[in-house]
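Asker: The residues making up each chain are set out below.
2 protein chains.
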Amino acid sequence: MTIEGVFGIVLRECRKKRRISQEELAHRSGLDRTFISLMERGKRKPTLNTIFALSGGLEVKPSFLVQEVEFKIHTRV
Amino acid sequence: MTIEGVFGIVLRECRKKRRISQEELAHRSGLDRTFISLMERGKRKPTLNTIFALSGGLEVKPSFLVQEVEFKIHTRV
Chain A
1 MTIEGVFGIV
11 LRECRKKRRI
21 SQEELAHRSG
31 LDRTFISLME
41 RGKRKPTLNT
51 IFALSGGLEV
61 KPSFLVQEVE
71 FKIHTRV
Chain B
1 MTIEGVFGIV
11 LRECRKKRRI
21 SQEELAHRSG
31 LDRTFISLME
41 RGKRKPTLNT
51 IFALSGGLEV
61 KPSFLVQEVE
71 FKIHTRV
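First to last, the protein sequences are chains A and B. Going letter by letter, the first sequence gives residues 1 to 77 in this note's numbering. Going letter by letter, the second sequence gives residues 1 to 77 in this note's numbering.
Wrong hints could be hidden among the right ones.
Here are the simulated lysine-lysine pairs, PhoX-like style, with alpha carbons at most 25 Å apart [unchecked claim]:
{"hint": "1", "chain 1": "A", "residue 1": "K45", "chain 2": "B", "residue 2": "K43"}
{"hint": "2", "chain 1": "A", "residue 1": "K16", "chain 2": "A", "residue 2": "K45"}
{"hint": "3", "chain 1": "A", "residue 1": "K45", "chain 2": "A", "residue 2": "K17"}
{"hint": "4", "chain 1": "B", "residue 1": "K72", "chain 2": "B", "residue 2": "K45"}
{"hint": "5", "chain 1": "B", "residue 1": "K72", "chain 2": "B", "residue 2": "K17"}
{"hint": "6", "chain 1": "A", "residue 1": "K61", "chain 2": "B", "residue 2": "K43"}
{"hint": "7", "chain 1": "A", "residue 1": "K72", "chain 2": "A", "residue 2": "K43"}
{"hint": "8", "chain 1": "B", "residue 1": "K17", "chain 2": "B", "residue 2": "K61"}
{"hint": "9", "chain 1": "B", "residue 1": "K72", "chain 2": "B", "residue 2": "K16"}
{"hint": "10", "chain 1": "A", "residue 1": "K16", "chain 2": "A", "residue 2": "K61"}
{"hint": "11", "chain 1": "B", "residue 1": "K16", "chain 2": "B", "residue 2": "K45"}
{"hint": "12", "chain 1": "B", "residue 1": "K16", "chain 2": "A", "residue 2": "K72"}
{"hint": "13", "chain 1": "B", "residue 1": "K43", "chain 2": "B", "residue 2": "K61"}
{"hint": "14", "chain 1": "B", "residue 1": "K45", "chain 2": "A", "residue 2": "K61"}
{"hint": "15", "chain 1": "A", "residue 1": "K61", "chain 2": "A", "residue 2": "K17"}
{"hint": "16", "chain 1": "A", "residue 1": "K45", "chain 2": "B", "residue 2": "K17"}
{"hint": "17", "chain 1": "B", "residue 1": "K61", "chain 2": "A", "residue 2": "K43"}
{"hint": "18", "chain 1": "B", "residue 1": "K61", "chain 2": "A", "residue 2": "K72"}
{"hint": "19", "chain 1": "B", "residue 1": "K17", "chain 2": "A", "residue 2": "K43"}
{"hint": "20", "chain 1": "A", "residue 1": "K16", "chain 2": "A", "residue 2": "K43"}
{"hint": "21", "chain 1": "A", "residue 1": "K61", "chain 2": "B", "residue 2": "K61"}
{"hint": "22", "chain 1": "B", "residue 1": "K43", "chain 2": "B", "residue 2": "K17"}
{"hint": "23", "chain 1": "A", "residue 1": "K17", "chain 2": "A", "residue 2": "K72"}
{"hint": "24", "chain 1": "A", "residue 1": "K45", "chain 2": "A", "residue 2": "K72"}
{"hint": "25", "chain 1": "A", "residue 1": "K45", "chain 2": "A", "residue 2": "K61"}
{"hint": "26", "chain 1": "B", "residue 1": "K45", "chain 2": "B", "residue 2": "K61"}
{"hint": "27", "chain 1": "A", "residue 1": "K43", "chain 2": "B", "residue 2": "K45"}
Covered stretches of chain A (chain B as the covering partner; in silico rule of three or more C-beta atoms under 8 Å from a C-beta of chain B) [stated by the list, open to error]:
{"hint": "28", "region": "47–60"}
{"hint": "29", "region": "66–72"}
Hints in this document: simulated from the structure, not taken from any laboratory. Note that the Cβ used here is the ideal one computed from N, Cα and C, for glycine as well.
Chain A extracted, bound-state conformation (with noise of 0.2 Å):
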């Protein structure tokens, strides 16, 4: 599994338990719907920027988000 690949299931399973849809965090973020989408599927490399847009939209630190890819990437989920 690719670092952008675990990446997109620590997004999606912190928007999902925030139960907020694409559309909402794009809307949030100030980003696209369909980026969103890509990134979730793991088809595209979020930068620092892009992971402190969206860390603003689900009211999470982007340390969190990196420290969910470290954890994943630790225990090979």
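Fit chain B to the supplied structure of chain A, relying on the hints for placement.
Answerer: Just chain B now, kept in the frame of chain A:
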């Protein structure tokens, strides 16, 4: 200050604390020295993959670098 600008400062500080050159960090992280130089000057936006590569070369967690950026943004340094 932009997010990539703050990241550049964090990257340079972290590299200098470890007393390694841009050349050495490039070698350790599998990136171009020129790319590292551009990032340290805030001229490139790092992807999550790049942050993972750099953190390997710096022997820190990727989330540590992101936490440092959060800290500097919140304290407006």
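Asker: Does each hint fit the structure? Answer for all of them.
Answerer: Going down the list of hints, with the structure as the test:
no. : hint             : in the structure
1   : A:K45 with B:K43 : holds (18 Å)
2   : A:K16 with A:K45 : holds (20 Å)
3   : A:K45 with A:K17 : holds (22 Å)
4   : B:K72 with B:K45 : holds (17 Å)
5   : B:K72 with B:K17 : holds (17 Å)
6   : A:K61 with B:K43 : holds (24 Å)
7   : A:K72 with A:K43 : holds (18 Å)
8   : B:K17 with B:K61 : holds (15 Å)
9   : B:K72 with B:K16 : holds (17 Å)
10  : A:K16 with A:K61 : holds (17 Å)
11  : B:K16 with B:K45 : holds (20 Å)
12  : B:K16 with A:K72 : violated (30 Å)
13  : B:K43 with B:K61 : holds (23 Å)
14  : B:K45 with A:K61 : holds (19 Å)
15  : A:K61 with A:K17 : holds (15 Å)
16  : A:K45 with B:K17 : violated (29 Å)
17  : B:K61 with A:K43 : holds (24 Å)
18  : B:K61 with A:K72 : holds (14 Å)
19  : B:K17 with A:K43 : violated (35 Å)
20  : A:K16 with A:K43 : holds (19 Å)
21  : A:K61 with B:K61 : holds (16 Å)
22  : B:K43 with B:K17 : holds (22 Å)
23  : A:K17 with A:K72 : holds (17 Å)
24  : A:K45 with A:K72 : holds (17 Å)
25  : A:K45 with A:K61 : holds (19 Å)
26  : B:K45 with B:K61 : holds (19 Å)
27  : A:K43 with B:K45 : holds (18 Å)
28  : 47–60            : holds (count 5)
29  : 66–72            : holds (count 4)
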